[in-house]
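Note that the protein sequences, when read in sequence, are chains A and B. According to our numbering, the first sequence is numbered sequentially starting from 1. According to our numbering, the second sequence is numbered sequentially starting from 1.
Please note: incorrect hints may appear among the correct ones.
Pairs involving identical chains hold if they fit within one copy or between any two copies, as the list cannot separate such chains.
Derived DMTMM-like pairs (lysine to aspartate or glutamate); straight-line CA-CA distance at most 20 Å [as the list claims (entries may be wrong)]:
| no. | residue 1 | residue 2 |
| --- | --- | --- |
| 1 | LYS55 | GLU266 |
| 2 | LYS195 | GLU125 |
| 3 | LYS195 | GLU257 |
| 4 | LYS121 | GLU232 |
| 5 | LYS20 | GLU113 |
| 6 | LYS195 | GLU47 |
| 7 | LYS195 | GLU232 |
| 8 | LYS229 | GLU113 |
| 9 | LYS121 | ASP219 |
| 10 | LYS229 | GLU118 |
| 11 | LYS195 | ASP60 |
| 12 | LYS121 | GLU266 |
| 13 | LYS55 | ASP215 |
| 14 | LYS121 | GLU191 |
Derived by calculation from the structure, the hints in this document are not laboratory data.
2 protein chains.
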Amino acid sequence: MSAADIDTLSRLAVHTMTTKPWDLETAAEKYGAAGIPAITVWRQWLEGRTLAETKQILDDQGLAVAAHCRGGFFPSTEPSGRQSAIDDNLRCIDEAAAIGAPMVVLVCGAVPEQSLPESRKQIAEGIAACLEHAGTCGVKLAIEPLHPMYADQRSAVNTLGQANALCDTIQSEWVGIAADVYHLWWDDRLEAEIKRAGSRILGFHLCDWLSPTHDLLLDRGLMGEGCIKIREIRGWIEATGFTGYHEVEIFSSRHWERDQDTFLEEIKQAYLSVC
Amino acid sequence: MSAADIDTLSRLAVHTMTTKPWDLETAAEKYGAAGIPAITVWRQWLEGRTLAETKQILDDQGLAVAAHCRGGFFPSTEPSGRQSAIDDNLRCIDEAAAIGAPMVVLVCGAVPEQSLPESRKQIAEGIAACLEHAGTCGVKLAIEPLHPMYADQRSAVNTLGQANALCDTIQSEWVGIAADVYHLWWDDRLEAEIKRAGSRILGFHLCDWLSPTHDLLLDRGLMGEGCIKIREIRGWIEATGFTGYHEVEIFSSRHWERDQDTFLEEIKQAYLSVC
């Protein structure tokens, strides 16, 4: 399944983390002026003002909120650590509701000191403990499978297959999946697991895998700079009926050092030409 | 399945790359003096002398050869590139036979400019083209699935499941698998795929995943320094009937900067205490 060309920005969203040097006011103003209709807000960008003030900043620019980033990090070797993670996720759901985000993206967490099966069990328990509040607030929880190179510290959910299995276990309309090409592109089971996920796909994240990659965290590429067959994956995603935003999420110390206006313009052009 | 304690060095092998500062003569002498019974020779350590001379150096220390490292890198966007890769693998098989290595480890290759399915097809074709020579020389080909973070440039075979599928396709007694805990530990299907692999497991490689990891290539840990449940994985491997060497393969600029005699002693102790 190959996807149709993208000829408008109507489904483009940008993560505040993508233009990290910009504060929320600047990011909102710049995205709005660039004709980008939606923003994904990272929690750090909420600091220093009320949630209502944050919402006003976004509303003033006519920006929809694609998602709130990020909850998760449920595993801990201590019960108190697991409880405080749940408490923090409940607050994150509140924040999402307050700024009009339809979902919280979950980076599920992992702890190097304990086994992956134990972390996965704690993730399922943590999500289960947040479901009622998510439903009350009308905010979905999007499990983001992370690349296997993050299995030690960031997430014990490392394939779309595992995210699907977790959704099978949890069985809730308030839980779905955020699929990021960076984390998933290498997997020979990807097309089949996207089909299996179907309407569980709540979010779709874009960037690229640089070759070579110099840093495990902060060396992602702009779409087209790397080797991911983004359009093919988008075709599989859209074949499920997905009509949500295409969220550009790029962690890159290289791009953050550049002029962010130029970078934002390149993001728009790359989105239209290679995605 | 948990593995029994290791109480002798009788199945320990060390890769020449693990003690990279040492040339072959030094490595052979040091391993021999340390009571390590086997060595895996990387091709760079063959340079500057005949294969017979290399074999004599190993024989003089009573070292068995666990494997020859490394063949593979079959994919190329050009047919001439694919042919020269095959030619190089045939030479690698000759080298293995000459130094008494029962197998060549295959890092199968990948090319960022082409799709992973295309690279996988070329890998299958490349291996197929080497089978007759492998059989003639009595040298097995061990497909090493590489961590997904190497899918762009080093290998399009990134899970044990994919390696098993490749073996299913090739169907030859001369092809099997080298299982490295570093590449495979994160996979929730690992135990099942080891069982499926069964007697295909030709090699078993040890090191550890550091948390955090600072470099994609050269920041592996000594066993026990990281988060891999090595003993559990060894139990699964040995439940297949595997009786081969436990090969220590650590790429670490940090350890290479240290005194290599001390490091070798630490390898022995770590092998006996945490593997």
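Do the hints match the structure? See the list:
1. For the identical chains of this complex, LYS55 and GLU266 are neighbours neither inside a copy (27 Å) nor across copies (57 Å), given an alpha-carbon limit of 20 Å.
2. When the C-alpha separation of LYS195 and GLU125 is checked against a cutoff of 20 Å, the pair qualifies neither within a copy, at 26 Å, nor between copies, at 29 Å.
3. Proximity of LYS195 to GLU257 under the C-alpha cut-off of 20 Å is found in neither arrangement, the shortest distances being 38 Å within a copy and 49 Å between copies.
4. Taking identical chains as interchangeable, the C-alpha atoms of LYS121 and GLU232 lie at most 20 Å apart only when they sit on different chains, with a minimum of 18 Å there against 33 Å within one chain.
5. Taking the shortest Cα distances, LYS20 and GLU113 never come within 20 Å of each other, neither inside one copy (31 Å) nor across copies (30 Å).
6. For the identical chains of this complex, LYS195 and GLU47 are neighbours neither inside a copy (38 Å) nor across copies (51 Å), given an alpha-carbon limit of 20 Å.
7. In the homo-oligomer, the alpha carbons of LYS195 and GLU232 lie at most 20 Å apart inside one protomer (13 Å), although the nearest pairing across protomers, at 33 Å, exceeds that limit.
8. Taking identical chains as interchangeable, the C-alpha atoms of LYS229 and GLU113 lie at most 20 Å apart only when they sit on different chains, with a minimum of 10 Å there against 35 Å within one chain.
9. Taking the shortest Cα distances, LYS121 and ASP219 never come within 20 Å of each other, neither inside one copy (31 Å) nor across copies (29 Å).
10. In this assembly of identical chains, LYS229 and GLU118 lie within 20 Å of each other by CA distance solely across copies; the values are 12 Å between and 34 Å within a copy.
11. Neither within a single protomer nor between protomers do LYS195 and ASP60 lie at most 20 Å apart by alpha-carbon distance, with minima of 38 Å and 59 Å respectively.
12. In the homo-oligomer, the alpha carbons of LYS121 and GLU266 never lie at most 20 Å apart, since the shortest distance is 41 Å inside one protomer and 35 Å across protomers.
13. Taking identical chains as interchangeable, the C-alpha atoms of LYS55 and ASP215 are never at most 20 Å apart, the minima being 34 Å within one chain and 40 Å between chains.
14. With identical chains, the CA atoms of LYS121 and GLU191 are at most 20 Å apart between copies only, with a shortest distance of 18 Å across copies and 26 Å within one.
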